[in-house]
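Visitor: Line by line, the protein sequences are chains A and B. The opening residue of the first sequence carries number 1 in our numbering; numbering runs sequentially from there. The opening residue of the second sequence carries number 1 in our numbering; numbering runs sequentially from there.
Note that these hints are calculated values from the structure, not bench results. Every residue, glycine too, gets a C-beta built ideally from N, C-alpha and C. Accuracy of the hints is not assured; some may be wrong.
Said to hold, decoys possible - Straight line, CA to CA, 30 Å or less: simulated BS3-like cross-link-like pairs of lysine-lysine:
{"hint": "1", "chain 1": "A", "residue 1": "K73", "chain 2": "B", "residue 2": "K136"}
{"hint": "2", "chain 1": "A", "residue 1": "K72", "chain 2": "B", "residue 2": "K488"}
{"hint": "3", "chain 1": "A", "residue 1": "K67", "chain 2": "B", "residue 2": "K66"}
{"hint": "4", "chain 1": "A", "residue 1": "K160", "chain 2": "B", "residue 2": "K188"}
{"hint": "5", "chain 1": "A", "residue 1": "K13", "chain 2": "B", "residue 2": "K132"}
{"hint": "6", "chain 1": "A", "residue 1": "K72", "chain 2": "B", "residue 2": "K188"}
{"hint": "7", "chain 1": "B", "residue 1": "K422", "chain 2": "B", "residue 2": "K291"}
{"hint": "8", "chain 1": "B", "residue 1": "K511", "chain 2": "B", "residue 2": "K488"}
{"hint": "9", "chain 1": "B", "residue 1": "K511", "chain 2": "A", "residue 2": "K72"}
{"hint": "10", "chain 1": "B", "residue 1": "K344", "chain 2": "A", "residue 2": "K13"}
{"hint": "11", "chain 1": "A", "residue 1": "K73", "chain 2": "B", "residue 2": "K422"}
{"hint": "12", "chain 1": "A", "residue 1": "K67", "chain 2": "B", "residue 2": "K136"}
{"hint": "13", "chain 1": "A", "residue 1": "K73", "chain 2": "B", "residue 2": "K511"}
{"hint": "14", "chain 1": "B", "residue 1": "K188", "chain 2": "A", "residue 2": "K67"}
{"hint": "15", "chain 1": "A", "residue 1": "K67", "chain 2": "B", "residue 2": "K488"}
Unchecked claim - Facing chain A, according to a computed beta carbon distance under 8 Å, are these residues of chain B, among others:
{"hint": "16", "residue": "G119"}
{"hint": "17", "residue": "I120"}
{"hint": "18", "residue": "M122"}
{"hint": "19", "residue": "P123"}
{"hint": "20", "residue": "A300"}
{"hint": "21", "residue": "A301"}
{"hint": "22", "residue": "D304"}
{"hint": "23", "residue": "G329"}
{"hint": "24", "residue": "K338"}
{"hint": "25", "residue": "S341"}
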Amino acid sequence: MKKYTITALVANKSGVLTRISGLFARRAFNIESLCACTTENQALSRMTIVLSGDEYTLAQLTKQLDKLIDVKKIAIADENDSVYRELLLVKVSAPANKRSELIEIKEVYKAKIVDLSPETLILELTGEPNKLDGFIKVIEPYGILEMARTGMTALSRGEKCLNDLVDYNECI
Amino acid sequence: MKLSGADILIQCLKEQGTDTVFGYPGGCVLDIYDAIYRDGTLKHILTAHEQGAAHAADGYARATGKTGVCIATSGPGATNLVTGIATAYMDSVPLVAITGNVTVANLGRDSFQEVDIAGITMPVTKHNYIVKDINKLASTIREAFYIASSGRKGPVLIDIPKNIQTEQCEFTPAAPAPYLPKPVAPEKLKEIADILAKSKRPLLIAGGGCIGSNASDNLFALAKKMNAPVCATLMGLGAYPASDEQFLGLIGMHGTDAAAKTFRRADTVIACGMRFSDRVAGNRAAFAEGKTIIQFDIDAAEIDKNVKADHSVMADVNEIFKVLLPLLGQTDRKDWLKEVSAYKEYENANFDSSLPAYKILRALRSFTDADTRVATDVGQHQMWTAQYYPFEQPRTLISSGGLGTMGFGMGAAIGACVGSGKKTVLVTGDGSFHMNLNELCTAVSHELPLVILLMDNNCLGMVRQWQTLFYGKRYSQTTLDRKTDYCKLAEAFGATGMTIASEKDIRPVLKKAFAAKGPVLVDCKIGIDDKVLPMIAPGKSFEDIITKLG
Chain A
1 MKKYTITALV ANKSGVLTRI SGLFARRAFN IESLCACTTE NQALSRMTIV
51 LSGDEYTLAQ LTKQLDKLID VKKIAIADEN DSVYRELLLV KVSAPANKRS
101 ELIEIKEVYK AKIVDLSPET LILELTGEPN KLDGFIKVIE PYGILEMART
151 GMTALSRGEK CLNDLVDYNE CI
Chain B
1 MKLSGADILI QCLKEQGTDT VFGYPGGCVL DIYDAIYRDG TLKHILTAHE
51 QGAAHAADGY ARATGKTGVC IATSGPGATN LVTGIATAYM DSVPLVAITG
101 NVTVANLGRD SFQEVDIAGI TMPVTKHNYI VKDINKLAST IREAFYIASS
151 GRKGPVLIDI PKNIQTEQCE FTPAAPAPYL PKPVAPEKLK EIADILAKSK
201 RPLLIAGGGC IGSNASDNLF ALAKKMNAPV CATLMGLGAY PASDEQFLGL
251 IGMHGTDAAA KTFRRADTVI ACGMRFSDRV AGNRAAFAEG KTIIQFDIDA
301 AEIDKNVKAD HSVMADVNEI FKVLLPLLGQ TDRKDWLKEV SAYKEYENAN
351 FDSSLPAYKI LRALRSFTDA DTRVATDVGQ HQMWTAQYYP FEQPRTLISS
401 GGLGTMGFGM GAAIGACVGS GKKTVLVTGD GSFHMNLNEL CTAVSHELPL
451 VILLMDNNCL GMVRQWQTLF YGKRYSQTTL DRKTDYCKLA EAFGATGMTI
501 ASEKDIRPVL KKAFAAKGPV LVDCKIGIDD KVLPMIAPGK SFEDIITKLG
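For reference, chain B alone in the conformation it holds in the complex:
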């Protein structure tokens, strides 16, 4: 059958299993929006800003494991997606971004709302396309989905000029190309299995790759078989249940004291789908001293990039676990686990205000389910969430790790909420929230069951913390001094506003917030000087962990 480019796009999206798209209409996507209207089966979430749409598609993908889709018009619509695309790229999130553009004849003439979005997004996409031939549209879309969701996942952008959307060509439906990760040859793991069997003090580090490859069950099995402690990078939280006694929590700059101490004592470190980012490894040169480093990663370029591995396997982490598990015998490491569990005694010495954020985050868990998605923005509240909220299941923490995008939370929480179809939590800060609070209207329009906990300390807490520690308490431009009344703001958007002003409010207010319908904004009035601790200063080693401020 003959279809227009816009109709082909809709057919291809549906072919790929897309049921929800996030976007914002405009001049050069009018035909696409007309096709969405005529088709009537795709759920379209209209955001307040294209950046919100990109973050929402990202949050949707993180929460569901499916490829997120966002649509924006040419020019400013397209450039507004860029931060969202870059965020997804840094965290390997499968995303297909569709932009309109001026007609092929008008490309390169500085036409109205024309921008070279393919050029702009080249360094922040896995791949991108400008479709200049209608006959190649369907195959391009199919290829884009395959690239986004295979191997190390990531965003792909398709720029579709306006005339391609209206031109017609023959369309033949096709099933999506299945992605099957390459199996791992057992020979590649024999030596590693020997090393693991002999190791006295092994430590497993779970990264985002464990979630991307759905390796949680096998990671758990591996930890139990090895009797090894497990810690996680920010992207890996949820891959291993926080409540399990072998779990030590976050590792890295704001990782737990237990993870740091265990790391220092470990003789063998097994990095599972993680890339030794500077926020994890700190002093890269000293990181591996006296240890055997084993790295599993699907991306060859990550192996030996930041830290030199003694042994490595380049493959899908879950495929590696599948082969490795039968090669290992049950190993008893009672002494090691006993030593490690002693490291877990840790006091929350870093809070001196009357309403410490961690008490809210600890209480939060009694109102959520194990599979409730908890999105964050970026800053102190994000680290506190990572430290104190127990993530039990994969895809429950929705957070911008690599790019550290303030303003990510609102869009991402909307996407996660739509994707999971369940009550969703956003933990944000007053700095991050002000960046994209406009998306509150999106949550209200769709009556999304969203509980937003705003950690309101009247400052840019994380930057202030660095100014306290490294810049002689010169608080340059970090005291916000906003006069925003968050409850009134919530009401104005059509949401519900609440306040937690002291510790005794925590439970009753959370109870009300979780019982309410639609989006609820809870203004949590925390102290200005609470710190995220422990902390390992940038470039320092695990020995240099600061657990208390003098």
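Same shape as in the complex, but just chain A:
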């Protein structure tokens, strides 16, 4: 199984997320993450979907997605020509005797301390998902109390913009 990243511009309306997630459930697509956000254009939201599957599933997912009236543009992100980022917030157990070690680790990963309490701290880290995975592994022994990941977002490098693409149907 491979991982694929699909980016989409969709109508910024209520119910669109339900339509899309409902489609994934109905067609039994295995989604690793789905990240939705607003864009420079109020009428559109941007979604980044990480699919785990094969070429067949990828083709079906993009074609089925493209049939939804509210989905305006779709692209499969080019692994070598895109910027991928995810944000992690993690609350770690940090008693006074462990704190300096955690600060050392944080320096290596260029994470930020965004909250501090006598027994805990919250670290913030941005990067590609595998960097986040590595970071989590290292701090796990200290005791992760809770964490939140945004799911991955992606933009293609250079001048190419999703909105300028021809309709997905035209490319097949």
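Place chain B on chain A using the hints.
Guide: For chain B alone, coordinates are given in the frame of chain A:
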């Protein structure tokens, strides 16, 4: 001019060319029904149940090619439409379903007869809407009609809260947006034309797309130019005239032996607006072995979905034919057609009762015209109709293929009858008929010229057939043992009842039934153990066709 939401709806329906709607009134559509009453020009068919209205709008659309319209109130009215909407979705039928709902202020409060019909129908519609702003009502309705009737057609639902129906806004009339299928670039077809020219044993399979895109004439021209045999999926029956010598009939699970044999020998299969459903392809993995598969479909998602095509073009099938035809020369394939015609010799070995259904269906054709709409329900009678009634023209078979909805027939036949304005036939079974027989009252109220042939075998024949073949004859809950007297039932509804009890009754009773006015119910007392054969068991290949039971 300023109009209320309900009046805007009526104006927009008329703008779209809608002359007939099927529906059922209720609390949250009172304003819409008031507008229908005040307008007085829309023909409204009041059904007995909202499901009947949805199937009727579907049958109307299948019979005419126009977009069918049904109306139901909120809550149970709306949920009763769901089976009808799902049926239309699976068979790509253009349908606009209009539901009322509680006021926008009451949405989400579990108000009386409130249901999230947009949420419920999301997976079974092409698109749906909840209109929360009166200013967007007209554009939403226009968009809904465009979506329903363009590309791969399908149902669209518009949920209109009660306050939107009464609020007013400025209304500007507009002509419907025309849908013109995208033309196909000839380059896309050059390679395919070469393959077709070189093919020794091509086979054309016509699917529902040939009917949806009105491609029948060009399909015929293509078959004649190529000298290729043609078979059809259930949804494609009628796209090619059954009486033509190149036609092999239905292909798939209950397809003809000739179609199966021809398929096995074919070197190139041209799938025209069909999606290789499991009922057609059987064993998908083995389906394409040793063949070149060419697929034409308007829906990109259908290409390579069930069977991997070697070559495909994503476009309206008729547009493809228009471009492909001039690229092909007249090809002589005498040997191939001769081989194929030998496969057509086939005995009806599957009937052992004294009144075999196929004899009724064969006789039926002498009482109908080539354009008579024949609706079916779902089960053995449906397959027998597909196998033995010769469909000569598109839009004459009205049948639920993808969803396989028992209970579809009564509503669909009413819609087809209203749409065609002609005598219409419904072939049904005693199982399916009992599901929605209430709609007999609708047919009577409107004095519809409907001949209902009820294949009465006192059991759920198709399920029983599977129990016979795959479940050791353990007939769990399939022997109906109803005491319904169909003739009395018909009379009670105000229709005419007749009986075909033996073979000698067939012609005289059909003659009487077709001469009678209004709906006629003919109880055809067929045998309990007649089977639909040939059969390819689920997941099996065309080699595994069963033509006779040992």
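Visitor: Hints first: check each against the structure and report whether it holds.
Guide: Status of the hints after comparison with the structure:
1. A/K73 <-> B/K136: Since the Cα atoms of A/K73 and B/K136 sit roughly 24 Å apart, the hinted pair holds (cutoff 30 Å).
2. A/K72 <-> B/K488: Given that 30 Å is the threshold and the Cα spacing comes to 57 Å, the pair is violated.
3. A/K67 <-> B/K66: 22 Å, holds
4. A/K160 <-> B/K188: 27 Å, holds
5. A/K13 <-> B/K132: Measuring from Cα to Cα gives roughly 12 Å; hence the hint holds.
6. A/K72 <-> B/K188: Roughly 25 Å separates the two Cα atoms, so the pair holds.
7. B/K422 <-> B/K291: 43 Å, violated
8. B/K511 <-> B/K488: Distance of about 20 Å is within 30 Å: holds.
9. B/K511 <-> A/K72: Roughly 57 Å separates the two Cα atoms, so the pair is violated.
10. B/K344 <-> A/K13: 56 Å, violated
11. A/K73 <-> B/K422: Violated: A/K73 and B/K422 sit about 46 Å apart, past 30 Å.
12. A/K67 <-> B/K136: Given pair A/K67, B/K136 holds - Cα atoms ~23 Å apart, limit 30 Å.
13. A/K73 <-> B/K511: Roughly 59 Å between the alpha carbons, so the hint for A/K73 and B/K511 is violated.
14. B/K188 <-> A/K67: 22 Å, holds
15. A/K67 <-> B/K488: Violated, at roughly 50 Å.
16. G119: This interface hint holds because 7 Å falls under the 8 Å limit.
17. I120: 11 Å, violated
18. M122: 5 Å, holds
19. P123: 5 Å, holds
20. A300: 5 Å, holds
21. A301: Holds - the Cβ of B/A301 comes within 8 Å of chain A, reaching about 4 Å at its closest.
22. D304: 7 Å, holds
23. G329: For B/G329, the interface hint is violated, since the closest Cβ of chain A sits about 29 Å away, which is over 8 Å.
24. K338: 39 Å, violated
25. S341: 39 Å, violated
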